[in-house]
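Asks: Single-letter residue listing:
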Amino acid sequence: MAEPLTEGTTPVQVANRASGSEFWYLLRKNPVTLFGLIVVALLILMALFAPLLAPYDPYATDPRISLQPPSQEHLFGTGIWGEDIFSRILYGARQDLAIAFGAVAVALVIGCLLGAVAGYWEGFFGEAIMRVVELLQAFPAFILALAIAGALGPSFRNLIIAIAFTNVPIYAHLMRVSILSNKRSQYAMAAIASGNPHWRVLFRHLLPNSLGPIFIQSTLQPGYAILTAAGLSFIGLGVRLPEPEWGLMVAMGSSRIISGEWWVSLFPGLFIIIAVMGFNLIGDGLQDIFDPHRN
Amino acid sequence: MSNVLEIRGLTKHYPVGGAFARSLLHAADDVSLSIAPGETVGLVGESGSGKSTVGRCILRLEEPTSGEILLNGESVVAATSSRLRVMRANMQMVFQDPYDSLNPRIKVGELVAEPLWLSGIMSRKEADRKVAEVFDLVHLPTDTPLRYAHQLSGGQQQRVGIARALATNPDLVVLDEPTSALDVSVQAQIINLLEEIRQRLSPAYLFISHDLSVVSNLSDRVAVMYLGQIVEVGPTDTIFELPGHPYTRGLISAAPVEHPAQQKERLTLLGEPTSPVDPKPGCRLASRCPFVEPKCREGELPLQEITPGHSVRCRRYVEEHVDGVWDPEPTR
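Chains S and E are the protein sequences, given in the same order. Position in the first sequence (first residue = 1) + 22 = the working numbering. Position in the second sequence (first residue = 1) + 22 = the working numbering.
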C-alpha cells in the first residue's frame, strides 16, 4: 500500500450517512421491523401506565383465592398467595424494561468510551484496553453476569451492573472499529490540520460519525438483557420477592406446572418471549436497513 | 528574504510485512525543498511517488521518520503539540476529496471557523462573524455556512475546503491534488479561484498534483518526485523546456498537446514503477529508463545542481549534458 491512509467509503460510514427520511421510507418497506417497534412501544406504554391498567394491587395477597385459573376477575389467574398475575405482569414490565434499558445505557456509555479511546490511541494503550475487554468476553455472558450478581448480592441495582458488564465488550469493539475507520478519513486529518486537540478530534469530530452501528446494536441488546435479567431472577440472583419481575414469576410457578397450575409460569414466560422477540425484530430489521450490500 | 518553508532531508518510512520479514516502504527519501514567501511550487509525480506523504509530513499530519521541516524558521518536527496548534494557523491544507474532507455532521460554517478560534487568533464569537467574510472570499452564497457538506456540490465543497484553509490567512497552503476529484469545468474554476486568492492574500502554495498542465499554469517552480525521491527541481520554464531527468521527460511527453497539429516526440518509460519497499541502491528509475547504463545502478545518487535553482538526480545527465542539452540514444 503506497498510500497508508485509505480513501473511499467503508460500510460503517455508509451506515453513518443514511439520512432520516430515507430511514422512514425503508422502515415502511420492512413490516417486520415495524411490528417489532409496535410491540416494544406497547410494552413501554404498558410499563408507563401500569397503575392505570392494573385491576389489582400487584403486591396484594389473599390466601383464599390462591392458584385460581384464569377467569374474568383474574385474567391470567392468581398465584400461590392469591396475587393477581395480570397486574404483576403489568408492573413487571416496569422492572424488566428498567433493568434492560438501564443495563444497556450503562454498558453503552462505558463501552463506547473504552472503544473510542482504544480506537483513537492505537498501540499499547488501546491494546491494553481491548485485552481487558476481551477478558470479560472470555466468559459466557450469563456465567459472567451470574458471578457478578452473586458477588454483589441480589438487588435491582446489582442486576443492572451485572448485565451492563456483559454488554460492555460488544459496544467497545463496535466503537473501536468505527473510530478506526473514521480516523482514516480526510475529515479527521482536516480536523487535526484545523488545530483541534486530540480530545476534540475524537469527541467532536469522530464520535458523532461513529454512532450508527452502536445505534443498531442498542436496539438488539435490551432483548438479551431482559433474558439475562429473567434468568438471574429465576435462580434467585436478581430481583427478590415481593417485587414483580417476569423471570422471578416464572420461577415461582415452575414447581406448579406438574400439578396443573400452568398459568402461574406461562403468562410471565410469554411476556419474556414477546419482549425479547420485539427487540430482536427491531435490531435485525435495522441491520438490514443499514446494510450497504442490500441497497 | 527567509523562506516560508524549508524541508531538509525529509524521510518517511513505513514498516511493512510481518514480524519476521521486516521491510521498509520508502514513501519519502531525503526530500529537500524550500518555498519563498508568496511562491508557488508544484510537486508532481505519479500516485505512490510519495508526494502526498511529503505534504502531510510538512503539516505534521504524519510523523516524519527523520529530517527537518522549518516553517518561517521554526521547526515543525520539534514543536510541542500546543505550539503546533498555534503554528497551524500559518500552514494549512486543501485536501483531495472535497466530500470526505468535510465532516458530514458539522455545518460547514463551523468547520471553517475552527482554525480561527482553535489557533487562538480570535474568540469563538469573533470567528463565527469572520466566517461570512471568508465565504465571500471563495465566492460562496451567504447562506452556505449553515449547510452540511452533503447539501453542496463538489465544486462548492472544495470552495469550503479552500475557505477553511485560508481563513487564518496562512503563509503556506499545501494543496493536495485539490482538483483531481472534480469535473474538468469545475477544475478550471477552482484553479482560477486559487490564482485569484494568491493575488489578494499572497500565500505560498505547495501544489501537489499528477497533472502537469495544471501545475505548469500555476507554479513558479516545479519539483518532480519518483518513488519517494525528488528527481528534478527547477523553474517551471526550465523543467518544461529543458527537462534533464528521463522521468521528467517521460512525464512531459505523456501530457496531451494543446493542438492536434502539434507534434512531439514520445519518450516511453518501460514497464511499471518498481516497488517502493526496500529499494535497490542506485537510480530508482534504472529498470524503466531507456537510457540506462550499468553505472546507473551503483551507489547513492545525489540531486546535483546544474544551473542555479535547477537540480537533477541523474548520473548520465550530470556527466554528459552540454549547457543543459542532453540527447542520448536509447541503450535498449
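There may be inaccurate statements among the hints.
Residues from chain E shown here face chain S by an in silico Cβ test under 8 Å; the list is partial [unchecked claim]:
#1 115
#2 122
#3 170
#4 205
#5 233
In silico EDC-like pairs for lysine to aspartate or glutamate, Cα to Cα no more than 20 Å straight-line [what the hints assert, rightly or not]:
#6 E:129 <-> E:165
#7 S:205 <-> E:193
#8 E:317 <-> E:351
#9 S:205 <-> E:84
#10 E:302 <-> E:287
#11 E:152 <-> E:193
A short list of chain S residues far from chain E (calculated; beta carbon distances all over 12 Å) [what the hints assert, rightly or not]:
#12 76
#13 102
#14 183
#15 207
#16 222
By construction, these hints were calculated from the structure, which means they are not laboratory data. The beta carbon of each residue, even a glycine, is placed where N, CA and C say it ideally should be.
Asks: A separate judgement is required for each hint: does it hold in the structure or not?
Replies: Consistency of the hints with the structure:
Satisfaction of the interface hint for residue 115 of chain E is found here, the shortest Cβ-Cβ separation to chain S being roughly 5 Å, below the 8 Å cut-off. For residue 122 of chain E, the interface hint holds, since its Cβ comes within 8 Å of a Cβ in chain S; the closest pair sits about 4 Å apart. Interface hint status for residue 170 of chain E: violated, as the beta-carbon distance to the closest one in chain S is roughly 10 Å, over 8 Å. Because the beta carbon of residue 205 of chain E sits about 18 Å from the nearest beta carbon in chain S, more than 8 Å, this interface hint is broken.
Annotation: residue 233 of chain E was flagged as interfacial toward chain S, and the flag is violated, the nearest CB pair being 17 Å apart, outside 8 Å. Between residue 129 of chain E and residue 165 of chain E the alpha-carbon distance is near 11 Å, which keeps this suggested pair within the 20 Å criterion. For the hint pairing residue 205 of chain S with residue 193 of chain E, the CA-to-CA distance comes to about 27 Å; that exceeds 20 Å, so the pair is violated. For the hint linking residue 317 of chain E to residue 351 of chain E, the alpha-carbon distance of about 16 Å falls within 20 Å, and the restraint holds.
Using a Cα cut-off of 20 Å, the hinted pair residue 205 of chain S and residue 84 of chain E holds, with the two alpha carbons roughly 13 Å apart. Of the pairs offered as hints, the one joining residue 302 of chain E and residue 287 of chain E is violated, with about 30 Å between alpha carbons and a cut-off of 20 Å exceeded. For the suggested pair residue 152 of chain E and residue 193 of chain E, the alpha carbons sit about 18 Å apart, so the restraint of at most 20 Å is met. At roughly 44 Å from the closest C-beta of chain E, the C-beta of residue 76 of chain S stays outside 12 Å, upholding its exclusion from the interface.
Every C-beta of chain E lies more than 12 Å from that of residue 102 of chain S, the closest at about 55 Å, which supports listing it as non-interface. No beta-carbon of chain E is positioned within 12 Å of the beta-carbon of residue 183 of chain S; the least distance is around 32 Å. The claim that residue 207 of chain S is not at the interface with chain E is violated, since a C-beta of that chain comes within 12 Å of its own (minimum 5 Å). At roughly 8 Å from the closest C-beta of chain E, the C-beta of residue 222 of chain S falls inside 12 Å, breaking its exclusion from the interface.
Hints 3, 4, 5, 7, 10, 15, 16, counting from the list given before, are not met by this structure.
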